[in-house]
Amino acid sequence: MTAMTKEEERELAKRLVAEIGRMAEGADHKLRFMEVCGTHTVAIFRAGLRQMLPENVELVSGPGCPVCVTPDDYMDKAIAYAKRSDTIITTFGDMLKVPGSKSSLMEAKAEGADIRIVYSPLDSIQVAKDNPEKKVIFLAVGFETTAPTAAATVLAAKQQGIVNLYMLSAQKLVPPALRALLDDPDVRVDGFILPGHVSVITGTEVFQFLTEEYHMPGVVTGFEPLQILRSLYRLMKQVTEGAARIENEYGSVVHAGGSPAAKHATDLVYEPADAAWRGIGAIPLSGLRMREAFKDYDIERLLPLDVPMGKNKPGCRCGEVLRGIVTPKECPLFGKACVPTHAIGPCMVSVEGVCAAWYKYGQGRFSYGR
Amino acid sequence: MADERITMAHGAGGKLSQELMQEVILPEFSNPYLNELHDGATVAMSGKVAFTTDSYVVQPLFFNGGNIGKLAICGTVNDLSMTGAVPRYISVGMILEEGFLIEDLRRIAHTMREMAEEAGVAIVTGDTKVVERGKADGIFINTAGIGDIIPGTSISPHHVKPGMKVLLSGFIGDHAATVLAGRHGLELPDTIKTDCAPLNSLTRAMLEAAPDIAVLRDPTRGGVAAVLNEIAEASHCGVLIDEDALPIREEVRGVCDILGFDPLYLANEGKCIAFVPAEEADEVLAVMRENPYGKDACLIGEVTAEAPGQVGLRTAIGGIRIVDMPLGNLVPRIC
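Top line first, the protein sequences correspond to chains G and A.
Heads up: the first sequence at position 279 corresponds to 279 in my numbering, and the numbers run straight through without jumps.
Heads up: the second sequence at position 291 corresponds to 291 in my numbering, and the numbers run straight through without jumps.
Same shape as in the complex, but just chain G (with noise of 0.2 angstroms):
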């Protein structure tokens, strides 16, 4: 296939756009398709795509994005560490102003806490090795995306006999957390766009259970707003045909059985374990536990911390928003209280927070177009 120049993209998605709004004339509710993913959230609010849709077909952000639905205690747990003397945290740059139950990382490291920002968890080898007399504990959040890096960390450091690296791991899956959102019964969605970087690893198998299941269609979507306009449109259809298929519209880099390699270096050093969902609560194995055969590489095996159960914060409906149950405008702290230089829910933290992308991109604020 040519590419195709700007004015003919512009022209397709207009016929997209067109297709889906004719086909959804008939629905006899708002139809509702579930992004589960930040950086898809992110892109659509960035092309602009929610204004260009037709008024009873909606957009909702579901769990995807990795430090939103890291809970409280997960980061109480990472503060009280990084406030030992003998300790150098490793994170990813989003963890830092992160909200705990009482206060982040980033006021810890103007504490005086050793906390460095890393690319990849790999990095963090070499900041053991220059400091072998301090532990280095790597924030291994993040899902089966991050996992298999995660893991390659802790074997390369298995390797070269480092013993100085751990890991402070709150890795999740994305499979049963839709599996609990289809359970609840709050949650309302006509059909999900289904993440593409997670399916590069794990494949569009793992997401079959949704049709058998829950009859519920999905589709494996890339990040370009033409690709994101296709799946609606691939949504939409099935909709209106009463289908409940997987389909995958980000073929060129996502198979039916995903990465054997990223899977294969996630299943030696992780498995599956129940895991905390901020705002969801505990899913049935949803998360990743260091093997027992890992157990060395592992904190709060090592030094383990008793911290209490974060609680939400009152007023914070971030709960809510991360099960697509509301819209960060019907928060009341969204954009009053709540804004992204004084977050105090953690979709307003990340970059891929949906609140943080409606009050980037102007939700509610913005007078142009409709």
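Some clues are possibly wrong.
To give an idea of the interface, some chain G residues facing chain A are shown, with a C-beta separation under 8 angstroms as derived from the structure [stated by the list, open to error]:
no.: 1; residue: M4
no.: 2; residue: A47
no.: 3; residue: Q51
no.: 4; residue: Y119
no.: 5; residue: K360
Listed next, with one range per pair, are the computed distances between beta-carbon atoms [what the hints assert, rightly or not]:
no.: 6; chain 1: G; residue 1: G21; chain 2: A; residue 2: E250; range: 52 to 62 angstroms
no.: 7; chain 1: G; residue 1: G251; chain 2: A; residue 2: G120; range: 52 to 62 angstroms
no.: 8; chain 1: A; residue 1: M325; chain 2: G; residue 2: R22; range: 32 to 42 angstroms
no.: 9; chain 1: G; residue 1: G251; chain 2: A; residue 2: E250; range: 51 to 61 angstroms
no.: 10; chain 1: A; residue 1: A305; chain 2: G; residue 2: R32; range: 28 to 38 angstroms
no.: 11; chain 1: A; residue 1: E306; chain 2: G; residue 2: E330; range: 21 to 31 angstroms
no.: 12; chain 1: G; residue 1: A261; chain 2: A; residue 2: M325; range: 19 to 29 angstroms
no.: 13; chain 1: G; residue 1: K14; chain 2: A; residue 2: H159; range: 33 to 43 angstroms
no.: 14; chain 1: A; residue 1: G99; chain 2: G; residue 2: Q126; range: 33 to 43 angstroms
no.: 15; chain 1: A; residue 1: E306; chain 2: G; residue 2: G21; range: 47 to 57 angstroms
no.: 16; chain 1: A; residue 1: V43; chain 2: G; residue 2: D86; range: 54 to 64 angstroms
no.: 17; chain 1: A; residue 1: D296; chain 2: G; residue 2: A282; range: 20 to 30 angstroms
no.: 18; chain 1: A; residue 1: D242; chain 2: G; residue 2: E212; range: 25 to 35 angstroms
no.: 19; chain 1: G; residue 1: G21; chain 2: A; residue 2: D54; range: 45 to 55 angstroms
Don't read these hints as lab results, they were simulated from the structure.
Source: prediction; values computed, not measured.
C-beta atoms are modelled at their ideal positions from N, C-alpha and C, and glycine is treated no differently.
The hints should help you fit chain A onto chain G, whose structure is shown.
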């Protein structure tokens, strides 16, 4: 001699201070005003004067296409240029960290001289201090500058009116991408380097062609997004720009994709945004394209009566969205 370093004695005002001045600074900055070595410079100005100051604390100090000295001269030259002035005289204050390589100082001073020469400004007064190791980051530079306002011009966001066109002098994000890549150890092709440049010849030509240009701004920290938001707010007008019209290099897009940044928010050090009456836009664009620092100039949008105080972006796909004021520090994203 290549590994000589700054010591506390270089800042104590005695013999070593003099040596540093005679051997490193004066050979580069020499001019009749400075050579007086008096407490201050006396200069003649013709009429209305523009006056500005800025401090430079960049890390890394040296990056592809420039160094902190280039920024320090061009930054102040450009600030003066954006007020509609012809930059004339500059002061340079340097704070050096104990242990700083004298050879690095020489390189920085040499670049400052080259830039001052290109911009036609004289470095007429200056100061050097040394602080203990750990109290500064190698070198901090402050420059201040004064210039003559070009008669007949009046730059102010209050002159911005609906219907005016928004012009941009070239590719955005090159400087920030270069520095960020250096800071984060990303490798960029040699074609991506800082755009840092003195823009006084460009703005002067623009103002001579169209004295009623409403606003000139250089989109440094906060990038194009910050400048447009500030002008929208101050003028009580809306600004609508076209995503397709924004000149962004593929490599810069790549750095942004990896680090999770938006090119609209990246700093530039050699670009200019102009708000121009619609009927003069074509002529100003033509003038800009004749200047080496404006050869990729283009029309990126227009001023609207709709949505006062806000900046909108017509996306490539045909949607529309807000371009918000940047919030603060850029942090890398998670996945």
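Results for each hint:
Annotation: G/M4 was flagged as interfacial toward chain A, and the flag is violated, the nearest CB pair being 11 angstroms apart, outside 8 angstroms. With its C-beta approaching chain A no nearer than about 5 angstroms, G/A47 sits inside the 8 angstroms limit, and its interface hint holds. Of the supplied interface hints, the one on G/Q51 holds, with its beta-carbon coming within about 6 angstroms of a beta-carbon of chain A, less than 8 angstroms. At about 6 angstroms, the closest approach between the beta carbon of G/Y119 and any beta carbon in chain A falls short of 8 angstroms, and the interface hint on this residue holds.
Given hint, G/K360 at the interface with chain A, holds; its Cβ is 5 angstroms from that chain's nearest Cβ, closer than 8 angstroms. Under the hint 52 to 62 angstroms, the C-beta atoms of G/G21 and A/E250, about 34 angstroms apart, miss the expected range. As the Cβ distance of G/G251 to A/G120 is approximately 59 angstroms, the hint placing it in 52 to 62 angstroms holds. A/M325 and G/R22 have their C-beta atoms about 39 angstroms apart, which keeps the hinted 32 to 42 angstroms range intact.
Between G/G251 and A/E250 the CB atoms are about 24 angstroms apart, so this pair departs from the stated range of 51 to 61 angstroms. Separated by about 36 angstroms at the C-beta atoms, A/A305 and G/R32 satisfy the suggested range of 28 to 38 angstroms. Checked against the given bound of 21 to 31 angstroms, the beta carbons of A/E306 and G/E330, roughly 27 angstroms apart, stay inside it. A beta carbon spacing of about 43 angstroms between G/A261 and A/M325 contradicts the range 19 to 29 angstroms that was offered as a hint.
Taking the beta carbon of each, G/K14 and A/H159 are about 37 angstroms apart, inside 33 to 43 angstroms as hinted. Restraint check, A/G99 to G/Q126: a C-beta distance of roughly 25 angstroms breaks the suggested window 33 to 43 angstroms. Between A/E306 and G/G21 the beta carbons are some 25 angstroms apart, a value that contradicts the proposed interval 47 to 57 angstroms. For the pair A/V43 and G/D86, the supplied restraint of 54 to 64 angstroms holds, since their beta-carbon distance comes to about 59 angstroms.
For the hinted restraint 20 to 30 angstroms between A/D296 and G/A282, the CB-CB distance of approximately 55 angstroms leaves it violated. For A/D242 paired with G/E212, a C-beta distance near 46 angstroms fails the hint of 25 to 35 angstroms. Range check, G/G21 to A/D54: Cβ separation about 52 angstroms, and the 45 to 55 angstroms hint holds.
Checked against the numbered hints above, the structure violates hints 1, 6, 9, 12, 14, 15, 17 and 18; every other hint is satisfied.
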